[in-house]
Amino acid sequence: MRITCPICGDRDRREFYVKGAALARPEASATLEDWHEHVNLRDNRAGETKELWYHEMGCSAWIEVCRNTVSHEIVSTRLAATADLGAKR
Amino acid sequence: MADLIALTPCDGLLPVTIGSINLTEDVPEAMTLIAPYAGQEEAVSERLEAAHGMAFPAANRSTGKAGARAIWFGQGAALLQGSAATQELADIAALTDQSDAWAVVRLEGKSAAEVLARLAPVDLRSQVFKRGHTARCEVSHMMGSITRVGPEAFQIMVFRSMARTLVHDLKTAMAAVDARG
Chain A
41 MRITCPICGD RDRREFYVKG AALARPEASA TLEDWHEHVN LRDNRAGETK
91 ELWYHEMGCS AWIEVCRNTV SHEIVSTRLA ATADLGAKR
Chain B
78 MADLIALTPC DGLLPVTIGS INLTEDVPEA MTLIAPYAGQ EEAVSERLEA
128 AHGMAFPAAN RSTGKAGARA IWFGQGAALL QGSAATQELA DIAALTDQSD
178 AWAVVRLEGK SAAEVLARLA PVDLRSQVFK RGHTARCEVS HMMGSITRVG
228 PEAFQIMVFR SMARTLVHDL KTAMAAVDAR G
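One line per chain: the protein sequences are A and B, in this order.
Going by my numbering, the first residue of the first sequence is number 41, and it counts up by one from there.
Going by my numbering, the first residue of the second sequence is number 78, and it counts up by one from there.
Bear in mind the hints are in silico, worked out from the structure with no lab data behind them.
Positions of the beta carbon are idealized from the N, C-alpha and C atoms, including for glycine.
Keep in mind that the hints are not guaranteed to be accurate.
[Claimed, not checked] Facing chain A, from chain B, some residues (calculated, C-beta under 10 angstroms):
1. Tyr114
2. Gly116
3. Ala136
4. Asn137
5. Phe150
6. Gln152
7. Val199
8. Gly209
9. Ala212
10. Cys214
11. His218
12. Met219
13. Met220
14. Gly221
Please model the complete structure; the sequences and the hints are all you need to start from.
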């Protein structure tokens, strides 16, 4: 599997570490129920899914990878910093 | 006060020659990581140019030449090799002295790229990876930095604590490439 790092280009999967689903962080006012869902509840989709990967052996960037869990195709990648996952303060 | 003896990272391990490939150690006078503060990239490049004669390198590139080189070293950072970084950068960039933190070796020979092909999952052939190009990438399971410093020469860096492993793996790959003739 090859992942396109937005900075380094096309790289082998073994240079990366996968964290898991790329989720938007709940707002500061979020309820316990919101946090329970954010931390514990996941859809297990067959198809395109967004994950956070870390280019550990490369440029040290966090990357949002859109990946197809059926075909293993890497659909798109972008820097996590530009993926708007942080909550408003 | 104990009388301490300074040893280089690859002390006692290098140089090594196998067939027509040479592996030698480089010991830059100083190495400083330069990470420009947000929005200061251009100002850092200008002051680096004025003080050290080279611009701040773009991603996957290096600037300067042997003896004084700035190597792109990951997201938003470059490593200056040679003389210590000017303190004029201190208010617009984070400066970290890493002089003793890295093992720096030079692999030179006609089949140097073939040797590295066994250790790094990156295309280092000369038509793709030209002089001045650099990559932060895996080097035999270690996080490393590879820079082409000549038509048949690469500079390879890993953490100093892994110097012995780097030399061992490079020697193994050099012997394997040499055996194929």
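Numbers of the earlier hints that this structure fails to satisfy, in rising order: 1, 2 and 8
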